[in-house]
Amino acid sequence: MNAFLAIDLPALLAAVLATIACGTLGNWLVLRKESMTADAIAHAVLPGLVAGYLVSGSRSMGAMLAGAAIAGIASVLLSAAIRARTRLEAGASLGVVFTAFFALGVVLLETQGARQIDLDPSCVLFGSLETLFVAVPEGGSWFAGVPGEVWLLLATAAAALAFHALLAKELAALAFDPLHARLALGSPRAVERALLAATSAAIVASFAAVGSILVLALVACPALLAAPHARSVGGQLALGLAISIPLVAAAYLAAAHAPSVFGTQTALNAAGMIAVVLVAAVPASHAVARVIRRQG
Amino acid sequence: MTLPTTGINTIAVLAGCALFGALAGAVGTFVLARRRALVADVAGHATLPGVALAFLVAEALGLDGRTPWILFLGGAATALLAAALVPPLARLRRVGPDGATALALAGFFGLGAVLLSIVQSHPSGAQGGLRTLLFGNAAAITLGEVGALAAVAFAALAALLLLFKALAIVAFDDDFARTTGLPVRALDLALVLLLVATVVAGMQVAGIVLVVALVITPAAASRLLGGRLSTVARRAALIGALAASLGVVASLLGERIPTGAAMTLAAAALFLAAIPFSRSARAEAA
Chain A
1031 MNAFLAIDLP ALLAAVLATI ACGTLGNWLV LRKESMTADA IAHAVLPGLV AGYLVSGSRS
1091 MGAMLAGAAI AGIASVLLSA AIRARTRLEA GASLGVVFTA FFALGVVLLE TQGARQIDLD
1151 PSCVLFGSLE TLFVAVPEGG SWFAGVPGEV WLLLATAAAA LAFHALLAKE LAALAFDPLH
1211 ARLALGSPRA VERALLAATS AAIVASFAAV GSILVLALVA CPALLAAPHA RSVGGQLALG
1271 LAISIPLVAA AYLAAAHAPS VFGTQTALNA AGMIAVVLVA AVPASHAVAR VIRRQG
Chain B
12 MTLPTTGINT IAVLAGCALF GALAGAVGTF VLARRRALVA DVAGHATLPG VALAFLVAEA
72 LGLDGRTPWI LFLGGAATAL LAAALVPPLA RLRRVGPDGA TALALAGFFG LGAVLLSIVQ
132 SHPSGAQGGL RTLLFGNAAA ITLGEVGALA AVAFAALAAL LLLFKALAIV AFDDDFARTT
192 GLPVRALDLA LVLLLVATVV AGMQVAGIVL VVALVITPAA ASRLLGGRLS TVARRAALIG
252 ALAASLGVVA SLLGERIPTG AAMTLAAAAL FLAAIPFSRS ARAEAA
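As given, the protein sequences belong to chains A and B, one line each in that order.
Numbered according to my numbering, the first sequence spans residues 1031 to 1326.
Numbered according to my numbering, the second sequence spans residues 12 to 297.
The following block holds chain A by itself, in its conformation from the complex:
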């Protein structure tokens, strides 16, 4: 089979679908000035992921994802509880909790059968886009060989877009006019919890494939790329994804194939390359916006 279809396409699909899932929820997090919460969740899910494996005794995706989601949500609630009790700043209480969760996950991975989970701590940081490939079973179609991670990300991206469509009004009220939201919504807490749960789910589905560092870039960058141009929340999301997706694809292809152009065998870390390109594009997008404003 064509190497592009077998190796590059599944990784590209995973990266683009993770961009849609994380970027859609990240749009709200960026508006709420909470994008670093996503970084905390992306680290805090690790012990849950490993515990899910240890408890279920198998590499069952369901148990691992459930454990990860529980750990991610628990870490955010715990850090809110610490903040309420101790008057520490948000960053500090988040920092205390997510480093502890992540450290616990690293210790569990190293001591409790990391080999079987075939997940090592640096995979957790840098992702494993390089290891995704389509293994077509004999006589089967290409689709039959697509790895489970890609299907999971497809479902997550669809769910994230549905979440946005369903709750956009409530979330916008909360982000722009919290007082009005409290009066109109009755229970803004429920909407905030829903956003937290959806964010955790998107991060859990993404981070095994793309790694914690790229999760943060995918949460923050689409919205920040579109922010200087957009006039509405929906516009910011649409423009953010429209700018990010081609950048993500280009960065992946550059990481995978540019080194061979220069005559070396090794590919560059794809997740890192995508993060660098997305982050570098943000100030560039702001510069473009300034030029447009000056001329307009």
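Worth flagging that the hints you see were computed from the coordinates, not collected in a lab.
A portion of the hints provided could be inaccurate.
Have a look at the derived ranges for each label pair, beta carbon to beta carbon [what the hints assert, rightly or not]:
no.	chain 1	residue 1	chain 2	residue 2	range
1	A	F1292	B	R46	41 to 51 Å
2	B	T190	A	P1276	10 to 20 Å
3	A	R1062	B	F183	45 to 55 Å
4	B	R46	A	Q1142	29 to 39 Å
5	B	R104	A	R1117	51 to 61 Å
6	A	S1086	B	A162	48 to 58 Å
Far from chain B by the CB rule (all over 10 Å, computed), these chain A residues [claimed, not checked]:
no.	residue
7	S1086
8	A1122
9	G1125
10	V1126
11	T1161
12	A1165
13	F1173
14	S1262
Just so it is clear, the structure is predicted and the values come from calculations on it, not from any experiment.
Quick reminder that beta carbons are idealized off the backbone N, C-alpha and C, glycines included.
Position chain B against the provided structure of chain A, taking the given hints into account.
Same frame as chain A, now just chain B:
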């Protein structure tokens, strides 16, 4: 059960780690007071591209890429650059401190991941050890590396003591500090330099991913217990030294436990232990 390094080596490693923990706790007190906790996270992660670049440049020049001072200088340079980029990024339209922190962290650590993938294909074979910098490994540290760690930590602690009063005034009330003619911006820069010295010193033992925990958690635990800033800083230094020492011992005993993770868990346990004694908890009881 025996420690992999025995006698004088173990004592040197323990002392070096305790010194690093004390520095991290003391510097963390001021970092928390200035509400810059996540800048510490940025600084820690942002050492990675500098370390990898320094390794590649040194090897290309025919030097040993693992030399601690070379890695320190590289790590410090990119950590400083990342921390310095946060304020101008935060001033971009609709970005703010939260977005700027996310950009700096993801951009620099992403660049580090790319450079690390180049380091790993480097033919010298010395790069095996660079990966241990992610989570720290006190068992593999050499006496020379402990010496370099101690020198950086001593210098940073001395600078902190010299600047203590001025930093305390800025931390307490920067508007007041400005009216009394203190150079607030220079002092903030000094604090960032102290933070960078701390993460660089802790790189080999605590690792660059979790070094932030030694900056934030002991200082947060100490703040729970209240008191004047000087008291909080001294107590944070003690808690930091204790957490770092406990972590080193745990990781030397349990071979496969990365030192940074053990130190982080020790600090978190001390933080948990401090919660029942926190000022607000006591106020509720009274």
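Hints, one by one, checked against the model:
no.	hint	result
1	A:F1292 / B:R46: 41 to 51 Å	45 Å, holds
2	B:T190 / A:P1276: 10 to 20 Å	51 Å, violated
3	A:R1062 / B:F183: 45 to 55 Å	30 Å, violated
4	B:R46 / A:Q1142: 29 to 39 Å	37 Å, holds
5	B:R104 / A:R1117: 51 to 61 Å	31 Å, violated
6	A:S1086 / B:A162: 48 to 58 Å	49 Å, holds
7	S1086	23 Å, holds
8	A1122	4 Å, violated
9	G1125	4 Å, violated
10	V1126	5 Å, violated
11	T1161	13 Å, holds
12	A1165	24 Å, holds
13	F1173	30 Å, holds
14	S1262	13 Å, holds
In this structure, the earlier hints numbered 2, 3, 5, 8, 9 and 10 are contradicted, and the remaining ones agree with it.
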